[in-house]
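From first to last, the protein sequence lines stand for chains P and A.
Using the numbering used here, the letters of the first sequence correspond one by one to residues 1 to 471.
Using the numbering used here, the letters of the second sequence correspond one by one to residues 1 to 471.
Among the clues, some could well be false.
[As the list claims (entries may be wrong)] When the alpha-carbon atoms are kept at most 25 Å apart in a straight line, the in silico SDA-like pairs for lysine to any residue are as follows:
| no. | chain 1 | residue 1 | chain 2 | residue 2 |
| --- | --- | --- | --- | --- |
| 1 | P | Lys31 | A | Pro11 |
| 2 | P | Lys356 | A | Tyr188 |
| 3 | A | Lys75 | P | His18 |
Don't read these hints as lab results, they were simulated from the structure.
In this text the structure is predicted, and so the values were computed from the model without any measurement.
There are 2 protein chains.
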Amino acid sequence: MNVKDNTFVTPEGIEFLHKTHQMIIDDTLLKGTNIHHKTIDYKTPDQLQVAFDLSIDDKGLDYDRILDMFSSTIKHSLNTAHPRFFGQLYSGRQLESLTSSWVVEALNTNVHTYECGPVFTLTENYVIKKLTEKLGFLDGDGIFLPGGTMCNFCALHLARFAYDNNLREVGLCQSQKMIIFTSEAAHYSVKTGASFLGFGTDNVIFVDTDDSGRMIPRDLDDKIRETKEQGRVPLCVMATAGTTVLGAYDPLEELASICRNYNIWLHVDASWGGSVIFSDVHKHLMRGVENKYQIISFNIRADSVSISFHKLLGVQLQCSALMAKNKDVLRQSNAVDASYLFHEEKHYDISYDIGKKTMQCGRKADGYKLWVLWKAKGNDGLEKMVNKYFDIAKYFTERLAERREFKLVAPKVIPAIKRRMVEAGSLSISFQPLESKGYVNFFRIILNNPLTTRRDVDLILDEIDRLGNNL
Amino acid sequence: MNVKDNTFVTPEGIEFLHKTHQMIIDDTLLKGTNIHHKTIDYKTPDQLQVAFDLSIDDKGLDYDRILDMFSSTIKHSLNTAHPRFFGQLYSGRQLESLTSSWVVEALNTNVHTYECGPVFTLTENYVIKKLTEKLGFLDGDGIFLPGGTMCNFCALHLARFAYDNNLREVGLCQSQKMIIFTSEAAHYSVKTGASFLGFGTDNVIFVDTDDSGRMIPRDLDDKIRETKEQGRVPLCVMATAGTTVLGAYDPLEELASICRNYNIWLHVDASWGGSVIFSDVHKHLMRGVENKYQIISFNIRADSVSISFHKLLGVQLQCSALMAKNKDVLRQSNAVDASYLFHEEKHYDISYDIGKKTMQCGRKADGYKLWVLWKAKGNDGLEKMVNKYFDIAKYFTERLAERREFKLVAPKVIPAIKRRMVEAGSLSISFQPLESKGYVNFFRIILNNPLTTRRDVDLILDEIDRLGNNL
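Just chain P, with the same shape it has in the complex (with noise of 0.2 Å):
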């Protein structure tokens, strides 16, 4: 029978999720965190098409067979939880945010109201109160959006409400031309916002950086100034906290007291960055590096900053937060208008239903897996996480100043070095040109992941020199 409705409480189907199970073990925890392994079995887009079954028939499948899928799957993904993947801004498995998305997946459920997810819905507001506690948003609000990009959105979207509340009815058209400012080095979110959102592209205004990619606070002011001598209104500086290729932190004292003085939205996107927040070393990041040590709870005058715990902290893909300062703004930008969702007469307090304080409407439970680690490790333990990670970092660097053969040679090289090095499956770094600061291609190496030593890392540089030998 290949219709399989109502059969997973069979003895067949009991076996076909145990052994899912058991091949995910194997294969993805074990096999793929093994540094005797690849981290990819690199196949070209042409040779995968003809490696991996992608036809859908009119007859379905037994269960073997969607095992083997499952492993077909498996064998041709990246292993973004192998030591050696330095590629991305998400790394490592943390088993307790593997198995907390189990937990998810299993109750397969919305968010959007309290009858349709009591637990989620409570430990999604537990963990945006001790949020906003840390950053100093006393009287905050907050929300689980599915990733940075939609935190820069809302944050968008907070501003222009916070600037004018008519504007939610009657639109931009006809309206004066808001700017928004933010770094070159800020992630592409912010231009791609400006025109989801109506603003136009034409009216975000980059401020340069310094040479370690960070905002310079007297270029905002002057670009900031010129805006409003041309009639033009300034809605909204859009800061960056861990730039997404040099993990800059801009200056965010300096900007806040521009913002204040001009009187317009401070957004810190903290994607990258922000998880910070739990380390009582590195927390000054957050704030200036002035005051260092020295900070029970931040308070970085910002008005939204938004945190994506899939990255540093290494929770599940995507559990990504927006807070505000102001608790009512999220409810009111977001205010709707859904009698089959949001009624005064249901059998509880309808203040619990969250799906109010945001643009979305079915949403998944990505707050309970930052509750969940963050139990699960305790205050403590992410804050070992984070410190780990600098650690790491700051050893890396210091091998690399040592290795005087690392010098650029050509644009070429590194395309080239990556191309040897997907082949040969012993490391995933990704590279970039950063054209404003005029680096040709270079490497980005991103050290996130739980199970990575400082033997892997020296490895990144006996690997690299290996690979571009002889080009």
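Based on the hints, put chain A in the right spot on chain P.
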């Protein structure tokens, strides 16, 4: 040791994974779908905050306490797989979908570039191709997005880009007012999208519906004409195939003719109802009632269509796709300049980097989950599934017609029955009023659970009767 970095390859870690897996099977799949267990062991927010330990401490938890936490999570959650859960547009649990989500979570990667998700990229491309073919978009394209709301938002973005691609750069400020038409029965995301994308909710015009909730074409035509006469731009029509409350299908053929006549974008929000394309018997609903049983492939003459496969088909949340008739419009309207992700010097054909077609950066492998279910069930299996849900709805409607005692007495009756229902845990059904039709609160019964039998739907009537006794 509380911080368990690196330990998931230990026997203790493996045991924790096995125990979590077994708990999920026992508690969510076996107990959670057993009709002798409740649909929910309901507690109010206040009660649950006592019964469930939310607190996070400095110290972490050992594996046994994490297991207790998962057990408590499952105990207090809604059993959305239960055969008597009729409360939301998602329901039931398909074994193949559940396991596909395990594979997605185990691999924990992104689907922005081919490099990060080779299999997930090819499978998403493959199902998008199959879906666009089914819709008659022979030269179309599509993208998976996190939920039906995001699909509607993106459709508005496409409509605006198609109307004037300069708006992407210059923005809406100082442009003409653009009007969005939708029916009063459409999902609330049309209105929140109008706010989010900068059009303003005042610029949404609601078209009247007939008694079954279908948009009235003549009224649409009149309202478009008036809009033009007032010098405003009619931008798009947001039609619905399967409205949220009544499940109505707008008359798409007639709406398409009107849209072609005025040269405006037609989006079909088929989030709930679009999965009928898998059934030869029911796919005519996406066309209009004519031409029953005779259609090979559709061409509903819409410009874009969105379908949420986590609804009728029961793919794990979330799994929503937006398909566009014009193959270039997604890529052009979302074009990004992000050299750290998308650059020319990669070791493969970068046209496979599907992240360029969407406003998101990080993306879950939602398309893979549909591909797995479709391949596992086959075309025949999906058709059988859709037909089964229509059959059981027909059966229920017939039984309801026989029961003379079901008449609405007063607006307060339904919330009172719902309160008793939640306490009994015997059924899960949502209610809402429909003021535009003069309906007071009524129960909305949703029948798309693979486990639900005729016996379960017979119980709906008996149980509502019993619960409503003596009110």
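*Pair hint P/Lys31 and A/Pro11, alpha-carbon separation not exceeding 25 Å*: holds, 15 Å
*Given the hinted pair P/Lys356 and A/Tyr188, is their alpha-carbon gap at most 25 Å?*
holds, 12 Å
*Can the restraint linking A/Lys75 and P/His18 be considered satisfied, given a maximum Cα separation of 25 Å?*
holds, 22 Å
Of the numbered hints listed earlier, not one is contradicted by the structure.
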